[in-house]
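Line by line, the protein sequences give chains A and B. Taking the working numbering, I'd label the letters of the first sequence as residues 1 to 117. Taking the working numbering, I'd label the letters of the second sequence as residues 118 to 226.
By construction, these hints were calculated from the structure, which means they are not laboratory data. As the structure is a prediction and not an experimental result, all values here were calculated from the model. One thing to keep in mind: the hints can contain errors.
Residues from chain B that face chain A, not an exhaustive set, calculated with beta carbons under 7 Å [to be verified]:
{"id": "1", "residue": "ASN155"}
{"id": "2", "residue": "PRO156"}
{"id": "3", "residue": "LEU163"}
{"id": "4", "residue": "TYR165"}
{"id": "5", "residue": "GLY174"}
{"id": "6", "residue": "LYS213"}
{"id": "7", "residue": "PHE216"}
{"id": "8", "residue": "THR218"}
Glycine included, every Cβ here is placed at the ideal spot set by N, Cα and C.
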Amino acid sequence: GAVVSQHPSWVICKSGTSVKIECRSLDFQATTMFWYRQFPKQSLMLMATSNEGSKATYEQGVEKDKFLINHASLTLSTLTVTSAHPEDSSFYICSAPGTYTSTDTQYFGPGTRLTVL
Amino acid sequence: GIQVEQSPPDLILQEGANSTLRCNFSDSVNNLQWFHQNPWGQLINLFYIPSGTKQNGRLSATTVATERYSLLYISSSQTTDSGVYFCAGYTGGGNKLTFGTGTQLKVEL
Numbered sequence: 001g002a003v004v005s006q007h008p009s010w011v012i013c014k015s016g017t018s019v020k021i022e023c024r025s026l027d028f029q030a031t032t033m034f035w036y037r038q039f040p041k042q043s044l045m046l047m048a049t050s051n052e053g054s055k056a057t058y059e060q061g062v063e064k065d066k067f068l069i070n071h072a073s074l075t076l077s078t079l080t081v082t083s084a085h086p087e088d089s090s091f092y093i094c095s096a097p098g099t100y101t102s103t104d105t106q107y108f109g110p111g112t113r114l115t116v117l
Numbered sequence: 118g119i120q121v122e123q124s125p126p127d128l129i130l131q132e133g134a135n136s137t138l139r140c141n142f143s144d145s146v147n148n149l150q151w152f153h154q155n156p157w158g159q160l161i162n163l164f165y166i167p168s169g170t171k172q173n174g175r176l177s178a179t180t181v182a183t184e185r186y187s188l189l190y191i192s193s194s195q196t197t198d199s200g201v202y203f204c205a206g207y208t209g210g211g212n213k214l215t216f217g218t219g220t221q222l223k224v225e226l
C-alpha cells in the first residue's frame, strides 16, 4: 500500500527559530500533498495544498510567510515554520492521494509533534 | 462552510461489545472516508466509501449520500480499537478533505 513518511517525528525548538518538516511519499509519486494541523483533542484542520512545481495554496487564515511550503519533487514536500512561537506548537500531519486523482483515498504521514519553548 | 458532525463524541466499551459511530454532513460531500487515529497520532485508512456498504473483518461502513450520513460499525471490539475515529469527505467539488469532529473510543478489558 501507499506509504507516507514524515521527518522528524517530534521536535523541540526555541522561540524565534525555524523548523523544517519533511513529507515523503515512499512508493508512489504525488503531484499534490496536503498539510494539516491538529491541536490536542481536536480534529484535523487543512492548512495548505502543496503543488509540485508551483506555489502552494493556503487556507484562509493561514499565514503564508510563517508556514513556507516547498514541493520540490514528486515525492517530497516540506513545511517550514519560520520564527516559531509557542502558539505554533501543534501536531503537523501531511497526506497524499494514492493515485494521480487527488480526490482518491488519502494516505497520511505519522505526524510531527512540534513544541516551541 | 460545510459541517461534519460525528456522534457520539466519546464512547467507552467493554471488550467484545459492538458499537455504531455516526457521521452527519450538512451538505453534499464526495468520496467519504473513515480513518482511525491511533494513540500515537497515525491516521489509518479504514474505508473509502462514497456510497453503499463495505466490510473489512470486524468493521463495516455504510454511506447514504442522499441523506448525508455515514455509519461505522465495530463488532467484537478489542482494546486495540481504542483511539479516535474520523470521517472525512471532499467538499465543494474540490480536492480538500473536510474532517468530522471525531469520536474518541476507549475499549476496556
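I'd like to know which numbered hints this structure contradicts. Please list them from smallest to largest. 1, 2, 3, 5
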